[in-house]
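A.B. asks: Same order as they appear, the protein sequences are chains W and L. For the first sequence, this note's numbering gives the first residue as 40, with consecutive numbering after it. For the second sequence, this note's numbering gives the first residue as 1304, with consecutive numbering after it.
Hint data in this document are derived by calculation from the structure and do not stem from the laboratory. Treat the hints loosely; a few may be bogus.
[Claimed, not checked] Beta-carbon label-pair distances, calculated as ranges:
1) I1365/L / K53/W: 42 to 48 Å
2) S1321/L / A121/W: 41 to 47 Å
3) G90/W / K1345/L: 23 to 29 Å
4) P114/W / E1342/L: 23 to 29 Å
5) T1372/L / D65/W: 39 to 45 Å
6) K1345/L / G102/W: 39 to 45 Å
7) A1401/L / E141/W: 18 to 24 Å
8) K1360/L / G90/W: 27 to 33 Å
9) S1355/L / G55/W: 43 to 49 Å
10) T1372/L / E98/W: 24 to 30 Å
For each residue, glycine too, the CB sits at the ideal point set by N, CA and C.
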Amino acid sequence: NAGVTQTPKFQVLKTGQSMTLQCAQDMNHEYMSWYRQDPGMGLRLIHYSVGAGITDQGEVPNGYNVSRSTTEDFPLRLLSAAPSQTSVYFCASSNDRGNNNEQFFGPGTRLTVL
Amino acid sequence: GENVEQHPSTLSVQEGDSAVIKCTYSDSASNYFPWYKQELGKGPQLIIDIRSNVGEKKDQRIAVTLNKTAKHFSLHITETQPEDSAVYFCAANSYSGAGSYQLTFGKGTKLSVIP
Chain W
40 NAGVTQTPKF QVLKTGQSMT LQCAQDMNHE YMSWYRQDPG MGLRLIHYSV GAGITDQGEV
100 PNGYNVSRST TEDFPLRLLS AAPSQTSVYF CASSNDRGNN NEQFFGPGTR LTVL
Chain L
1304 GENVEQHPST LSVQEGDSAV IKCTYSDSAS NYFPWYKQEL GKGPQLIIDI RSNVGEKKDQ
1364 RIAVTLNKTA KHFSLHITET QPEDSAVYFC AANSYSGAGS YQLTFGKGTK LSVIP
């Protein structure tokens, strides 16, 4: 049982480039989410999903897209990277569709946009 | 939306002493309050949570108290050990529609336990 996995661990992009951060979980969790973590800002919700085919916006969705075609995978797409998107990104999942239970976090992806 | 304030931002204690971290929230409908611990280079991990139908919960050296009237909750760590050194986040839920909730996190407290 690998839990929540994220790839890549590190990434450097140039302004304007696009990329996809991968997230997968093998716990059959319905709820999945993406957060970004910036120094002194805590964790801020970008997008979340309560099941395959269902996604919604969080607190800071601008510049990011998501899709949920399977229960296991929840990729995060940066359409045109900007320096303001330099951050550490965490994917999380929960066995509670309502998300009132423990969230399991991945190890994170550290993204730098030059 | 929900707003969660967390204090202090940094905390240093001597090994064996107690540590207390406090959070306030704004949404009176919030009913789930988890605490996460994040070690360097890792993702956050749940250490304890409390729901609005109880005022206190304890798990070995860790306890959480909740005051719904005042809209604040606190994490208490007793007999601190060097391995307790980490960043701690509080969070509160808020309804986001269609039967699901979002978590809003505090900005974190960096706890250092001095041997």
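A.B. asks: Mind listing which of the numbered hints don't hold for this structure, in increasing order?
C.D. replies: 6
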